[in-house]
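Those sequence lines, one after another, are chains A and B.
Just so you know, this note's numbering puts 292 at position 284 of the first sequence, and the rest follows in order with no gaps.
Just so you know, this note's numbering puts 17 at position 16 of the second sequence, and the rest follows in order with no gaps.
Worth flagging that the hints you see were computed from the coordinates, not collected in a lab.
It cannot be assumed that every hint is accurate.
Short, incomplete list of chain A residues facing chain B, as computed with Cβ under 8 Å [stated by the list, open to error]: (1) 115; (2) 151; (3) 168; (4) 172; (5) 173; (6) 174; (7) 176; (8) 185; (9) 188; (10) 190; (11) 194; (12) 195; (13) 287.
Even glycine gets a Cβ: it sits at the ideal position worked out from N, Cα and C.
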Amino acid sequence: MHIDFYYLAVTTVTLASIYGLLAVGISIIWSSLGMINMAHGFTFAVSGYGAWLVAQNVSTNGVVVLAGGVLTGMLSGAVIGGLAFVPLYDKPNFAVRSLIATLAIALFGSQCLLWAFGPRVKALPPIFPTGGFKFGTASVSYDRLGAIVCSIVLLLAMLAWMKRSRRGLEIRAMMQNPEGAALVGVGLRSTAIAVMMMTGGLAGLAAVLLSRTYFISPFAGAIPLVKGIIVALAGGLGSLAGALIAAALLGLVEALTAVGLGGRFVLITQFLVIIIILLIRPRGIAGMLERTRE
Amino acid sequence: MSEVLRIENLSAGYGALGVLHNIDFTVQAGERIGIIGLNGHGKSTLLRAIAGLTGWQSGSIKLNGVEIGGIRSQGPGRFTHQIVRQGLALMPQGDALFHGLTVADHLDSGAYTRRAWRERVRRRERMLEVFPPLAKLLSVPVGRLSGGERRMVSLARGLMADASLLLIDEPSLGLAPKISKGLIEALMRIDLGNGAMVIAEQNLSRLEGAMTRLVTLHAGKLKGGAAANMGLLGGHH
């Protein structure tokens, strides 16, 4: 069997950067809000429609469409936070209640999208110029390159912002110890909404960048949600570094499987790898490196 | 002398359990008050009730004349950040630290209010004078520190905000006597200005002589809360 190294590398990096956007979002939400956001996939889907509406009504300029998707994602995140976190977070059994609440939002929201836009998939105009270049033996389209660069730049910008700004310190404090955060004056509700907007924006970005692979449809978020959650789990929920390592690893597994066995085996091999990781390290790749929410 | 804290008829607890029963307690500016009581008699619950962290509470709590208490049946912590921004610093048992963040991050997070955030560099230096061992640990994640160092971080984080009321829950808990003696001495050196300090402690001998007055908390009731003299405790220990 011949494996093209360059093709493999390009595919791995593309998948890793996009899984990273989703998994980092899910991971941050889990550790700072203590909630598994089952509606993250809905945010993904609705952002696609947001970008599509912008492309239909405002401009087909790539930057404008991208911004439309990101803003819709932020809005969707804020709404999910307002419905599932703010009224519930200080009630008993918040973890289960919020899981149910976000699941309900996802189901209800997807049905609304179906009702409003119909079942037919939509496509976005190309965000990046058509064409491409040769990287070794693999040809890389500008679309792919754009997706990689955009996600990496945005992820790095977000991590730097979390590291340096006052708001970022708030979020990191809340990720580590919500009661301690409240004791230094961090408002948990407003910080939670900020987290939901930030992660929603990342999901929106992923939706637009992936619109060539997962066309926009009411249930387009299901597979990205599953992949985002398994990557976040494999990385160790709550760890950003772990999520990124797991995203790279699972991107590589997916690329290898697609090249070696065929695309239909991708989910099988990915789950096998995750099961093996979790058997060896029950708290995920980075679960031991960082102490996170118990 | 102005009142920093006035508590009237405070009851508080968790679920079906009532821990505090009709407590009245007043703290004047400049006072250092020790609350002495055995484990499980409500010292921590009293401090947590002031910060709005108990399961439920009723009664009036006024911080610098502003009502922060009232009747609340659920939602522990819902108003804590607002109370903190009005001038409260609680250094709780167990320290409530952020294990993955560095000592410097902790000091910054303590200077969370906008004014404190602008002055945080100067305030950080002042904290390092109070707790010199922290100076060389600034970039170390708190999860790797010893118990005594963690307590220092917790105290320093609480002091960064320049709060008018400092509530410190068992500063010496779990520490070697020599270390806890040093910590309490450091706390005594802090200039309170127009603020006040309340320390909860099991062990009377740790606080004796250092405080303006001592009160005892027994079975959820306060003794000596209103009278500002130490005579009440005479022969108690």
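Do the hints match the structure? See the list:
1. For residue 115 of chain A, the shortest C-beta to C-beta distance to chain B is roughly 28 Å, which exceeds 8 Å, and the interface hint is violated.
2. Here the hint on residue 151 of chain A is broken, as its CB sits about 37 Å from the closest CB of chain B, past 8 Å.
3. For the restraint placing residue 168 of chain A at the interface with chain B, the shortest Cβ-Cβ distance is roughly 15 Å, beyond the 8 Å limit, so the hint is violated.
4. Evaluation of the residue 172 of chain A hint against chain B yields a violated restraint, the C-beta minimum of about 11 Å exceeding 8 Å.
5. Because the beta carbon of residue 173 of chain A sits about 11 Å from the nearest beta carbon in chain B, more than 8 Å, this interface hint is broken.
6. Hint status for residue 174 of chain A: holds, given a least beta-carbon distance of 6 Å to chain B, under 8 Å.
7. Below 8 Å, beta-carbon pairs count as interface contacts, and residue 176 of chain A has none with chain B, the closest being about 10 Å; its hint is therefore violated.
8. Interface hint at residue 185 of chain A: satisfied, since its Cβ lies 5 Å from the closest Cβ of chain B, which is below the 8 Å cut-off.
9. Taken as an interface hint, residue 188 of chain A checks out: its beta carbon lies about 4 Å from the nearest beta carbon of chain B, inside 8 Å.
10. A distance limit of 8 Å between C-beta atoms decides the matter here; for residue 190 of chain A the minimum to chain B is near 4 Å, and the interface restraint holds.
11. A hinted interface residue such as residue 194 of chain A counts as satisfied when its beta carbon comes closer than 8 Å to some beta carbon of chain B; here the least separation is about 6 Å, so the hint holds.
12. Against a cut-off of 8 Å between C-beta atoms, the interface hint on residue 195 of chain A holds, since the closest Cβ of chain B lies about 5 Å away.
13. Checking residue 287 of chain A against chain B by beta carbon gives a least distance of about 25 Å; that is not within 8 Å, so the hint is violated.
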